[in-house]
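**Student:** If you're matching them up, the sequences are chains A and B in order.
Under our numbering, the first residue of the first sequence is numbered 1, with each subsequent residue one higher.
Under our numbering, the first residue of the second sequence is numbered 1001, with each subsequent residue one higher.
None of these hints come from the bench; they were simulated from the model.
Be aware that one or more of the hints could be misleading.
In silico EDC-like cross-links for lysine to aspartate or glutamate, where the CA-CA straight-line distance does not exceed 16 Å [as the list claims (entries may be wrong)]:
1. B/K1100 with B/D1073
2. A/K18 with A/D5
3. A/K100 with A/E41
4. B/K1100 with B/D1141
5. B/K1009 with A/D141
6. B/K1009 with A/D177
7. A/K9 with B/E1102
8. A/K9 with A/E41
9. B/K1009 with B/D1060
10. A/K100 with A/D149
11. A/K9 with B/E1041
12. B/K1018 with B/E1030
Given the structure is predicted, the values throughout are model-derived calculations rather than measurements.
Number of protein chains: 2
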Amino acid sequence: MRISDLSRKTGLPVSTIKFYLRDGLLPPGEPTGRNQARYGESHLRRLGLIRALTTVGRLDLTSVRTLLLAVEDEQVPLAELYDAVHRAVAHAHAHALPAKPENIDQVHTEIDRFIARLGWKVGPDAPGREPLALVLATLRDLGCECDIDAFTPYAHAARRIAAQEMDRPPANAGEADRLGVVVRGVLLEVALTSLRLMAERHEAIQRFGVPTRG
Amino acid sequence: MRISDLSRKTGLPVSTIKFYLRDGLLPPGEPTGRNQARYGESHLRRLGLIRALTTVGRLDLTSVRTLLLAVEDEQVPLAELYDAVHRAVAHAHAHALPAKPENIDQVHTEIDRFIARLGWKVGPDAPGREPLALVLATLRDLGCECDIDAFTPYAHAARRIAAQEMDRPPANAGEADRLGVVVRGVLLEVALTSLRLMAERHEAIQRFGVPTRG
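One chain only, chain A, in its complex shape (with noise of 0.2 Å):
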């Protein structure tokens, strides 16, 4: 099919289509004359796949250009590959950040002996650790108690998930593996914070009655 026709079936701007090949996002066209190129089925899926991580996933496009790019060369081990997928879903939800609160280095230690108690090997540059820090020491800032310990059972519960989906792929992943890796990793986090939204809701609802919008 022509570029038009990639268009047509994804909804996406030609424009963007061509972005993306320029951007090696998407891997050429077979020539069919000057400035003519055939597209097949592998570039289809490759629009969606680029759609779902975007906007689904609510990644940028150098994350997505990062991660197809762990995926596709295969002497990239595991541990890597979740590296980045890690980085990349941590990248999506860091905005512009605050100074650094005055209590921080007291919060850090702490979190420090929590993960300890956990049994958790996270290095100090782990993603996700400078935002927890920078929540619980704004919390204290703020005058609201926060007791990191309360969140013990929830750790175990997402350590649980983790598990579970990384007894998916085999020791050899090949390329289909690796994508699951990526897609299921950076998709299930926003299913995740849904849900944990909804358990609240239904908390709120027992408590309190059910709000005017249901």
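Since the structure of chain A is provided, determine the placement of chain B on it from the hints.
**Tutor:** Just chain B now, with coordinates in the frame of chain A:
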């Protein structure tokens, strides 16, 4: 103190503070002359709060305004206050969404059944339900399996955290308690996502080794 002192102490530009004043997000100071006013500690605290909700909490100013109005109006029952928090958090995480996948109706039916098995009473319009459906439908579109029942232990843990949180505010919650509901509701969302990232990190390191970047 003068507006320039507020700016120096918070690091916010005077123009931003003036915008908050015009917008009603920050209450007016005590007039001391033509175009001059004196501000106090309560203004500093308010600016800290707005900043925490917009940066760490990732809310837009419309959501901040809605939440602060709901906090201050003690006629707003807790059911509505929690509703406002859940909608603000869901909105902060909603991006441009793709066209609805074809299989979305079937996925909604599955989610209805899953929620019924959990025993949760949440309406069809509950924040979180639409993005959850979108993720599941998109995963299937991309050829990834997705068994929603695998999330059951996670759903229970999320509800336990919600219940713990809701044990805090007293039934006749005053303004300080109501503000705590909002601040914790918005910021803990970020903390729990961060904690989940670290859980995934730990599990990946256990199985696949430490990535280069630690």
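**Student:** Would you pick out the hints that fail for this structure and give their numbers low to high?
**Tutor:** 1, 3, 6, 9, 10 and 11
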